[in-house]
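Chains A and B, in that order, give the protein sequences.
Sequential numbering from 1 applies to the first sequence in the UniProt record's numbering.
Sequential numbering from 1 applies to the second sequence in the UniProt record's numbering.
Do not take every clue at face value.
Distance condition first, Cα-Cα at most 16 Å in a straight line; then the derived EDC-like pairs of lysine to aspartate or glutamate [as the list claims (entries may be wrong)]:
hint : chain 1 : residue 1 : chain 2 : residue 2
1    : A       : 85        : A       : 38
2    : B       : 172       : B       : 124
3    : B       : 35        : A       : 118
4    : A       : 56        : A       : 118
5    : B       : 63        : A       : 24
6    : B       : 6         : B       : 57
A partial selection of chain B residues facing chain A, derived with a Cβ cut-off under 10 Å [to be verified]:
hint : residue
7    : 16
8    : 53
9    : 106
Some chain A residues judged to face chain B by a derived CB distance under 7 Å, without partners named [what the hints assert, rightly or not]:
hint : residue
10   : 16
11   : 19
12   : 24
13   : 28
14   : 93
15   : 336
16   : 461
None of these hints come from the bench; they were simulated from the model.
It should be emphasised that the depicted structure is a prediction, and the values quoted were computed from it without experimental measurement.
Yeah, the Cβ is synthetic: ideal placement off N, Cα and C, and Gly gets one too.
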Amino acid sequence: MSLSSSLISELQQICGENGVMTSEVDRQNYSYDAAVLEPTIPAAVVRPNSKESIGKVISLCNDSGTPVTVRGAGTNLSGGTIPNKNGIVLLTNRMNRIIELNETDMYVRVEPGVVTADLAAQVAAKGLFYPPDPGSQAVSTIGGNVAENAGGLRGFKYGVTKDYVMAVEFFDALGRKVTSGSKTVKCVTGYNLAGLMTASEGTLGVFSEITLKLIPPPAASKAMMAVYDSVETATQTVAAIIADRIVPCTLEFMDNFTINAVEDFANVGLPRDAKALLLIEVDGHPAQVAEDGERIEQICKKLGARAIQVARNDAEKDKVWEARRAALSALARLKPTLVLEDATVPRSQIPAMVSAIEKLALKYDIPIGTFGHAGDGNLHPTLLTDRRDVAHWERVENCVADLFDAALSLGGTLSGEHGIGIAKAGFMKNEVGQSSIDFCRTMKAAIDPNNILNPGKIIGQ
Amino acid sequence: MSELNKLSKSLKEIENQLTDCMKCGMCQAVCPVFKQTGNEGDVARGKIFLLERLAEEMLTDAKGAKTRIEKCLMCGTCAANCPSGVKILEIFLKARAALTEYIGLSPVKRLIFRGMLKHPERMDALVDTAARFQNLGTSKADPNQGTRCSKLLSGVIGNRHFLPLAKTPFHKTYPSLNIPAGHSGLKVAFFPGCVTDKMNPEIGKAVLKVFKHHGVGVFMPKGQACCGIPALASGERNTFDTLLAHNAALFAEESFDYLITPCATCTATIKEIWPMMSEKDSIEKFRAGQWAPKTMDISQFLVDVLQVAPAQKSYAGSHSIEFAGDTVTYHDPCHLAKSLKIKSQPRDLIRANAACTFVEMAEADTCCGNGGSFNLQNYDLSKQIGMEKRQNILASGAGTVATACPACMMQIRDVLSQNHDGVKVKHVIEIYADTIKD
Numbered sequence: 001m002s003l004s005s006s007l008i009s010e011l012q013q014i015c016g017e018n019g020v021m022t023s024e025v026d027r028q029n030y031s032y033d034a035a036v037l038e039p040t041i042p043a044a045v046v047r048p049n050s051k052e053s054i055g056k057v058i059s060l061c062n063d064s065g066t067p068v069t070v071r072g073a074g075t076n077l078s079g080g081t082i083p084n085k086n087g088i089v090l091l092t093n094r095m096n097r098i099i100e101l102n103e104t105d106m107y108v109r110v111e112p113g114v115v116t117a118d119l120a121a122q123v124a125a126k127g128l129f130y131p132p133d134p135g136s137q138a139v140s141t142i143g144g145n146v147a148e149n150a151g152g153l154r155g156f157k158y159g160v161t162k163d164y165v166m167a168v169e170f171f172d173a174l175g176r177k178v179t180s181g182s183k184t185v186k187c188v189t190g191y192n193l194a195g196l197m198t199a200s201e202g203t204l205g206v207f208s209e210i211t212l213k214l215i216p217p218p219a220a221s222k223a224m225m226a227v228y229d230s231v232e233t234a235t236q237t238v239a240a241i242i243a244d245r246i247v248p249c250t251l252e253f254m255d256n257f258t259i260n261a262v263e264d265f266a267n268v269g270l271p272r273d274a275k276a277l278l279l280i281e282v283d284g285h286p287a288q289v290a291e292d293g294e295r296i297e298q299i300c301k302k303l304g305a306r307a308i309q310v311a312r313n314d315a316e317k318d319k320v321w322e323a324r325r326a327a328l329s330a331l332a333r334l335k336p337t338l339v340l341e342d343a344t345v346p347r348s349q350i351p352a353m354v355s356a357i358e359k360l361a362l363k364y365d366i367p368i369g370t371f372g373h374a375g376d377g378n379l380h381p382t383l384l385t386d387r388r389d390v391a392h393w394e395r396v397e398n399c400v401a402d403l404f405d406a407a408l409s410l411g412g413t414l415s416g417e418h419g420i421g422i423a424k425a426g427f428m429k430n431e432v433g434q435s436s437i438d439f440c441r442t443m444k445a446a447i448d449p450n451n452i453l454n455p456g457k458i459i460g461q
Numbered sequence: 001m002s003e004l005n006k007l008s009k010s011l012k013e014i015e016n017q018l019t020d021c022m023k024c025g026m027c028q029a030v031c032p033v034f035k036q037t038g039n040e041g042d043v044a045r046g047k048i049f050l051l052e053r054l055a056e057e058m059l060t061d062a063k064g065a066k067t068r069i070e071k072c073l074m075c076g077t078c079a080a081n082c083p084s085g086v087k088i089l090e091i092f093l094k095a096r097a098a099l100t101e102y103i104g105l106s107p108v109k110r111l112i113f114r115g116m117l118k119h120p121e122r123m124d125a126l127v128d129t130a131a132r133f134q135n136l137g138t139s140k141a142d143p144n145q146g147t148r149c150s151k152l153l154s155g156v157i158g159n160r161h162f163l164p165l166a167k168t169p170f171h172k173t174y175p176s177l178n179i180p181a182g183h184s185g186l187k188v189a190f191f192p193g194c195v196t197d198k199m200n201p202e203i204g205k206a207v208l209k210v211f212k213h214h215g216v217g218v219f220m221p222k223g224q225a226c227c228g229i230p231a232l233a234s235g236e237r238n239t240f241d242t243l244l245a246h247n248a249a250l251f252a253e254e255s256f257d258y259l260i261t262p263c264a265t266c267t268a269t270i271k272e273i274w275p276m277m278s279e280k281d282s283i284e285k286f287r288a289g290q291w292a293p294k295t296m297d298i299s300q301f302l303v304d305v306l307q308v309a310p311a312q313k314s315y316a317g318s319h320s321i322e323f324a325g326d327t328v329t330y331h332d333p334c335h336l337a338k339s340l341k342i343k344s345q346p347r348d349l350i351r352a353n354a355a356c357t358f359v360e361m362a363e364a365d366t367c368c369g370n371g372g373s374f375n376l377q378n379y380d381l382s383k384q385i386g387m388e389k390r391q392n393i394l395a396s397g398a399g400t401v402a403t404a405c406p407a408c409m410m411q412i413r414d415v416l417s418q419n420h421d422g423v424k425v426k427h428v429i430e431i432y433a434d435t436i437k438d
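With the sequences and hints as input, model every part of the structure.
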């Protein structure tokens with residue numbers, strides 16, 4: 001620990017004695033997140049309780065050159081919340097108030113520490129809808145969702161977090177309050193800083209308030225499961241549905257490995273011999289739902305689905321989604337370490353990406369279960385390993401690098417929803433080129449001259 | 001560091017289980033303690049990380065880690081919701097034993113566990129004496145609950161509202177029983193548990209009344225000891241081993257079809273912890289393994305085995321007097337709902353009493369905050385969690401809250417008593433027994 005005692009006591013004056021943690025145990029407890037990466041122990045953990053105290057904490061850190069890593073629930077999979085040595089972790093979970101839920105103008109103003117599922121539930125209770133639903137929404141916070149531009153199962157039709165951010169208020173590296181955006185649907189006042197801050201992973205500022213767009217919930221929905229004897233026909237179906245100009249709210253893919261893992265674990269009655277499954281849901285106006293549902297059924301049949309199971313009621317719909325919900329748990333129980341990737345391709349390239357993943361699993365002799373959001377090109381090839389097995393782990397790292405190359409060669413991207421953090425910072429150049437990184441570094445240096453805001457993330461040091 | 005090396009070695013036993021945690025953090029969504037504190041060290045992921053660091057000798061403050069690892073209700077909610085299926089309770093029990101062996105037991109705990117709990121006859125004598133003098137220095141807290149509080153002892157017990165010790169404990173009225181099977185053709189071993197014995201003997205009596213009504217034979221050996229979970233949860237494995245050996249020898253004296261308790265915690269301990277934590281290749285391990293499938297909570301036994309079903313008859317024809325016209329809600333004890341997945345049977349048992357109407361409360365299966373010794377060590381936190389339970393009980397509008405764990409009853413009684421709420425606290429077996437004529 002290298003923070004001076006005067007800095008600690010100043011932090012205590014701002015956040016209260018309980019708002020600053022410096023014991024070895026507490027510091028260790030904030031040295032990691034959900035990414036499979038080495039922990040780094042911070043010098044202190046600070047929990048501000050008000051907007052003003054966020055500004056004061058940052059200002060102190062800037063003056064003393066202390067790195068600040070903001071943390072909501074620590075569920076990100078890219079190491080974005082792994083702190084810096086001698087730095088502090090700034091926890092947002094005491095800032096978890098919903099400031100205003102405006103039903104008339106359909107927006108909500110929140111503090112960054114509000115848990116996503118809590119927000120979605122409160123919004124739903126007012127007859128409105130906040131669609132982004134990251135897999136970790138039961139614990140993840142809105143601040144983290146915006147900082148990582150989190151996605152979810154509904155991305156295909158409803159987009160991701162960035163599509164709902166109307167305005168932001170944040171503190172910059174010097175501790176000054178900055179606002180951008182508005183409660184209005186239209187707003188072109190100056191730079192789109194809300195856009196810049198989204199997916200910035202805590203490297204450009206610290207959120208103190210976020211305004212999110214709400215929409216009316218769909219009136220009806222219909223879910224179905226299509227069973228395939230070949231991965232190719234399943235993935236071609238995805239492309240065909242999109243080509244037919246139908247936009248399901250959810251279009252999920254599951255390969256044979258994952259199907260069997262789910263069956264072993266949850267015994268939900270999936271066909272073990274199926275090579276792939278598609279889980280599809282359409283929503284909207286009842287008439288549209290009925291029509292889209294029928295057209296999708298026809299497309300599935302035409303492209304060779306062995307069977308199509310349409311849910312007739314809520315219980316059956318729940319059954320369709322039970323399989324998908326169980327996927328991660330089922331895979332997680334097979335091996336100690338799970339590397340859940342999210343390299344993403346244009347939707348038309350899904351068949352090519354799935355086949356590339358299958359080839360890599362054979363090449364490196366690594367079990368890979370693939371499931372995920374086929375509708376938006378965001379698959380989750382999940383590598384099963386044990387990080388204690390050095391040789392195997394090395395193969396996993398090489399395999400992941402090849403996965404990234406495969407996605408990029410198909411016109412895709414390194415990350416669809418998990419972010420870059422420190423896990424993928426080294427691969428950034430392959431996607432955006434050195435000059436883009438230089439541009440980002442120049443911008444960062446200008447607004448964070450002492451490089452205190454989550455240094456090392458996204459663009460490296 | 002060489003000392004730390006010893007601890008690291010003893011944690012190796014659970015190292016493989018620790019690795020199963022993928023740090024996804026989903027345990028944060030369901031942990032009652034984390035909900036109150038928001039501290040990573042108070043949730044399973046954080047505790048497991050600390051244990052990993054101790055095993056790797058990357059953390060020097062073993063004492064600090066122990067404090068964190070003990071700050072847990074052991075409610076098992078995280079384990080029930082863990083995507084990776086990490087055996088969290090087993091990890092924590094084994095880790096607490098290893099840490100206690102390394103750091104030692106506090107003098108107070110040593111006195112309680114080794115001096116008293118370990119010796120059932122000494123414990124009974126002490127409780128007898130305490131029962132006789134307990135009115136000195138305590139005063140009535142809430143007449144509805146029959147609770148008392150103590151200014152004199154507030155330094156030790158805080159402002160708790162507690163039920164006084166029973167004037168006559170259950171084992172004084174029924175030192176032992178050996179009744180042959182009646183018309184059911186079944187004989188059960190009966191383990192009343194400490195809280196039933198010393199504080200709520202009426203629960204034990206209700207169980208016996210029900211057994212008699214259904215023609216169930218009862219074997220209840222004399223001199224039963226505690227199931228051992230309080231000692232084990234504090235890392236005192238030696239006392240646990242002694243208590244298990246003592247009980248295992250008593251219950252081996254007679255054959256029985258089922259082993260029944262009216263306490264969710266005792267049931268889960270006997271069914272799961274006894275086989276898990278008994279010494280390898282020991283006679284206790286063998287017996288515990290034999291008994292585990294036969295061990296049942298009283299409501300599961302009545303509903304699943306004896307086919308007691310919700311009442312069809314109208315309230316007018318009901319014998320029940322105490323619950324006539326009453327609305328009853330149910331709190332799921334963690335050890336029953338989370339560990340053993342028993343949720344419908346206690347509700348069916350309440351519904352079997354035609355005189356009362358069952359209503360579901362919100363968040364019926366969230367922990368009441370008792371957590372055994374958690375309540376002793378973290379009373380303020382325990383009470384905060386309990387107050388949320390109280391809100392849900394009151395919001396249900398029920399006149400009676402029933403549960404299936406005497407420890408939960410203590411906690412719920414305390415939080416209701418603190419506010420002088422007029423809601424009655426009952427064990428489900430009391431509600432069912434009330435339908436049977438004496």
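Status of the hints after comparison with the structure:
Taken as a hint, the residue 85 of chain A and residue 38 of chain A pair is honoured in the structure, with Cα atoms around 12 Å apart against an allowance of 16 Å. Restraint check for residue 172 of chain B and residue 124 of chain B: the C-alpha separation of about 10 Å stays at or below 16 Å, so the hint holds. For the hint pairing residue 35 of chain B with residue 118 of chain A, the CA-to-CA distance comes to about 13 Å; that is within 16 Å, so the pair holds. Proximity of residue 56 of chain A to residue 118 of chain A is assessed by CA-CA distance (about 28 Å); at most 16 Å being required, the pair is judged violated.
As the CA atoms of residue 63 of chain B and residue 24 of chain A are separated by approximately 11 Å, the hinted pair is consistent with the 16 Å bound. Between the alpha carbons of residue 6 of chain B and residue 57 of chain B the distance comes to roughly 10 Å, so the proposed pair stays at or under 16 Å and holds. Satisfaction of the interface hint for residue 16 of chain B is found here, the shortest Cβ-Cβ separation to chain A being roughly 8 Å, below the 10 Å cut-off. For the restraint placing residue 53 of chain B at the interface with chain A, the shortest Cβ-Cβ distance is roughly 6 Å, inside the 10 Å limit, so the hint holds.
For the restraint placing residue 106 of chain B at the interface with chain A, the shortest Cβ-Cβ distance is roughly 18 Å, beyond the 10 Å limit, so the hint is violated. Of the supplied interface hints, the one on residue 16 of chain A is violated, with its beta-carbon coming no nearer than about 14 Å to a beta-carbon of chain B, more than 7 Å. The criterion of a C-beta within 7 Å of any C-beta in chain B is not met by residue 19 of chain A, whose closest approach is roughly 11 Å, and the hint is violated. Checking residue 24 of chain A against chain B by beta carbon gives a least distance of about 5 Å; that is within 7 Å, so the hint holds.
Below 7 Å, beta-carbon pairs count as interface contacts, and residue 28 of chain A has one with chain B at about 6 Å; its hint therefore holds. Nearest Cβ of chain B to the Cβ of residue 93 of chain A: about 4 Å, under the 7 Å cut. The hint holds. Among the interface hints, the one on residue 336 of chain A holds; its C-beta lies about 4 Å from the nearest C-beta in chain B, closer than the 7 Å criterion. Interface restraint check for residue 461 of chain A: the shortest CB-CB distance to chain B comes to about 24 Å, outside 7 Å, so the restraint is violated.
Of the hints listed earlier, those the structure fails to meet are numbers 4, 9, 10, 11, 16, in rising order.
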